[in-house]
Structure formats: structure tokens, C-alpha cells
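Trainee: Okay, here's what each chain looks like letter by letter:
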Amino acid sequence: MAAGWKSESAIRRNARYSSYVEAISPKSGTLKSLLKAFAIGGLTCVISELLGDGIALAFPDLSTELVGAYTSMILVTVAVLFTGFGFYDVIARHGGAGSFLPITGFANAMSSAALEYKSEGLIFGTSVKMFNVVGPVVVNGIVWATVAGIIRYIIMLITL
Amino acid sequence: MSGKNQTLQFKNKPRIISGMSVVGRREGSGPLGDRFDVVIPNAKYNEKTFEKGEQAMFRRAIVGAIEKAGLTPFDIDVLLAGDLLNQLVSSSYVARELPVCYLGLYSACSTMTECLTLGATLIDGGHIVRAACATGSHFATAERQYRYPLEYGCQRPPYSQWTATAAGCSILAAEGEGPAITHATIGRVVDYGINDLNNMGAAMAPAALDTLLAVFSDTGYCVGDFDAIFTGDLGRLGAEILRDLSGEQGLSLGQKYSDCGEMLFSREQNCYCGGSGAGCSASVLNSFILGKMNAGEYNRVLLLATGALMSPTTSYQGETIPCISHGVILENVK
Amino acid sequence: MIFPETWWGFLLSYLMAFIGGGILCAGAQLLIVKTKLTPARILVIFLIFGIFLQTVGAYEPLNNVFGAGISVPIVGFGASLAKGSISYAAEYGIPGAFAGGLIQTAFGIGAAVVASYIVTLLFNAKAK
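Order-wise, the sequence lines are chains A, B and C. Taken in order, the first sequence gives residues 1 to 160; the numbers are from my numbering. Taken in order, the second sequence gives residues 1001 to 1334; the numbers are from my numbering. Taken in order, the third sequence gives residues 2001 to 2128; the numbers are from my numbering.
What the hints contain is simulated information worked out from the structure, not anything from laboratory work. Small disclaimer: the values here were computed from a predicted structure and weren't measured. Here a beta-carbon is modelled for each residue, glycine too, at the ideal position from N, C-alpha and C. Treat the hints with care, since some could be wrong.
Said to hold, decoys possible - Okay, the calculated bits of chain C under chain A, using three or more residues with CB under 8 Å as the criterion:
1) 2008-2022
2) 2079-2090
3) 2096-2109
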């Protein structure tokens, strides 16, 4: 078995083993996990909608932009607090994508990394590692948004 | 050992004269809970960080095993120890507090049998008289190194495993009371192309099979010659796969075979497919298996600890998971 | 808001938020279950999807219907980034494209960073 672990026969054996493992591994109940993700993700959005309406009602002078900003700030802060108290990962175990796709998941990813590396100090731990998990989102967001901005700017110049 | 023979035979029969197991609370409330010597009160074991907690647990296991044997650390010639953390910090940081020669060993979750193999070899060769063999793992420290932050909300697939918070130490001696190590089979690195970090059981099962077959062909024993056969931390899925794979080879493991990781947690504990980690086989060996052997319920036992030799870096680079398994045969001899 | 400001209009907007958010999250969950994609990759896919929607001008109409159902998932974050880049580029030229995304999303990111920092001072990570 050790001889030529990348030989033809080993590759065939590995392919056979992979399909066997695929078949024997227990699957998470797809429908159940989809429904849970739907419910928890949907609920997060409804709460945000309610918050937005509430803020707009309480402060009628605020612009729509600012209402949105306040809403997301409140959501983020609550998610960070939930992470601190240790609730968020318990919810997420059920919610799956329903808990990591909304902005609350972004906040959880950031604060969980910040908390985790507290033991290495606030500078080299928390501050360095805070973007450990959310880094890909922020970096890709900035890069592709910039590309989008430039493309639209060029289109604007052409069509003027 | 010559040619293709992977098995060492120990004519002088080094003994396991004592063993100590220290586990976390979740493991302590599992099916084997009342067999462990110490259940730590909290995940940090009253220390400041999880890493220090793991070291405290490790220290407790080593010092406890030495005391149980009626010895002091000065009586131990060599400490053979390993853990899952980078640079073997838990083992080495504990070793700096002990007046003992130290060999740090890494073979992932199969480190316990690697320690026993080398300890038995040193004693059998007459080089030393007593060795302490210890390994441990901790859920929180392993999670940080291999996966995500603790509070990060993510789902795991049902075939994943839960890193055990556990440590175990066995004291090997040239003479004394206790089961002897009669053979040790050194494993080969086996890779069947699994690259799913959550499916360690499936990755490691072929390695366990490879060593299992080597044990049988080198020693001439068959399944019926053992009272029990244990693997380290294949988990429920990996154990099932090993049964299937050995069935293909014409071996029926039947009721004699169990997996330490699977035994550690009950299905109700939400630990997916069971425990994993270097502490898994170490704690079960030094509580359940040693207890049964000393009580005479088992007379010959095969322990195959299994290890996955990957790192997060190589996994991100798309590498598959190389695995290994080392086996030791324990026997009650006169 | 395209729904009338009556009680059933509000109710309808909540329903649409639930459906919109639910569908996006269930879609991401489907990717988790059926493929080996990690959460980080899925987040980036949905983020770029949001940037794309905003760039082609499809985001605003969808947002009018689904409200928070599309703005709260990461798609909305991507759309905000793109919206900022596009509007600042229109105002300041090319340099605006680099700054706009961050300026537009600074409320959320700023709150997340500061809140995370404060929470770190107050709490410790727990092993479950």
C-alpha cells in the first residue's frame, strides 16, 4: 500500500474509497436544515425591518439612509453582545447559513475572533486577529466594489 | 524487526505499573465518566488561559500516575510525551517543571501508542528502568489551532468529531505489577485521498486497517486471540468503516472491537461521531482498559491509536490527509 | 417602500422581508449541505452577488420589494459597498471609487469593530 502512493492503482483505490465514504457518511437532514436556515435568517430580517420602522416612527426627521445606519448598528451591537454572552454560537448551531449570512453573522465572526485571541493581549491578540474570519469579506468587498465603481464611472463617461 | 516486519517484540516484558486519567467535564459526564481519576472543574482548570489549563491537566496526569505507582518524579528516567499543539507546548512546558529527561513526540492522536512503543523499547533494551508516557488534548486549544474561534457560530457536519479534553499518563517499568507490553507495531503513513478536515474517521480508518493487518501477520495472532481491540479516535463513522474494510480482508472484528472516541461520549451529548484527539486513547487506556486488565477481565488487548498528520496550512494548500496508526499489545503475564 | 402605509402594507413588508431573507439563507445553506464550500467562500460569493446586483442596477428594485430581507444578508453589504463606490466615483472621479465603499459601510463596520473591542474587554471565550 505504501509503494507509489500516487500511482494509477492508488488513484483508482482512492476514488473508490472516496465514493464509499461519501455513501456511508451520515448526511445532515437537508430539508430540516434548510427550513431552520430559512426561519432564522428570515426572522433576523423581520427584526431588522421592525427596528427600522420603529426608528423611523420615533424619529420622523431622520433620512432613510440614517435609519438604515442606525438599524445596522443596533443589529451589529446586539450580535456582538450575544457573542460575548455565548448565545450566538448556540443559535448558529441550528441556524447555519441563517445565522452567518445576515450582518449579525459578520459581527459574530469579528467579535468571536476578537474574544478568542484576548489571551494574547489586546494588541497582538485581539487587534491583530479581529479580521481573521471576516477578512475575506472586507477585502473582497472593497476590491470588487472599487471595480464596480470604476466600471460605472467609465460607462458614465461614455454615455455622457 | 526485519524486512517487511513492522512489529517489535519485547522479551523482557516492560509493565504498565500505573496509569492516571484526567478529563474535562463533558467527558466526565459521558458513559466512562466514573472510571476517570480526575474530572477537572472547569475548562481552564482554574488557570488564566486554555493553554495553561491544558498544561495543568497534563501535569496532574503525570504527577498523579507517578504518585499512584508509589514513586517520585526523581525515580522516572524519561518522560515521553506529546500533544496536539504547535511546538508541543503542553508537553514541553510541563516537562520544564519536572526533574526528568524528556522526549517530545508528535504523531497527532496516535502519540500515546508511539510513546508506549518507544518507552517499552528503551526499557526492554535495558537502557532505562522507568518511563512516563503521557499525551493530552484540549477542546478549546485544538479548536483554535485547527478550526474557528470558540464563539464563532458555525455548523459542523454530522460526521465530524469533538476534540476530547483529556490527558492520560502511563508509567512503564522494567519490573512491577501490571499488564506487560509484549509487542508494538509501528505504523506506516497511509493516505487514501480524503481531504475533508471534518471527516477524520474516514481519513484514519485505512491507517488503522494497515496496522491491524500488520499486527496479525507479524505476530500470528488472530481476532480470537484478543479479549478486546481498541482504536484511538476513529469515531462512530470511522469505526464502521474499519469494520467494513477489515470485512473485505476477511476479518470479522465483531463485539471485540470498540473505539475509544466513540466510547467517550454518548449519542445524547451532541458530540457528532464521538471524541477525537490525543487525549482520547490516553484517557481511555489509563482508566477503562487498565482497570479491566488489572481486574483480570481482559488478558490480552490490542490498542491501535490513530492519528491524522495534517496541518491547517497544508489543508488550505489542497493536500490530502496522511494518517498513521501505531499498535501496542498489552497482556497480563506472570 | 412600495407598500402602502396601512396595517396590511406593513404586514406585507414584514412578510416580504421574511421571505427574502429566508430564501437567501436557505440558498446559502443548500450550498453548505450539498457542496464542500466553507462559510467564508459562501459569504464572498453572496457578497459579490450583491455588488453585481448594485452595479447592473437590479438591487434597488429588489430592495424596494424585500426591504431588510435583502439588505440585512451579506448581499446588502455588498450592494452598499458598490453603491458607495459608484456614487463617490460619480462625484469625485476614479479616486472616489476607492473610498466610496468604505464610507458607505463605515457605520456597520465601525460599530462592529468598536463593539467587538469593548466586548473583548468585558467577556471571555467559553468552551461549551
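Trainee: Determine for every hint whether it applies to the structure shown.
Mentor: Verification of the supplied hints:
no. : hint      : in the structure
1   : 2008-2022 : holds (count 9)
2   : 2079-2090 : holds (count 8)
3   : 2096-2109 : holds (count 10)
In summary, the structure agrees with every hint in the numbered list given earlier.
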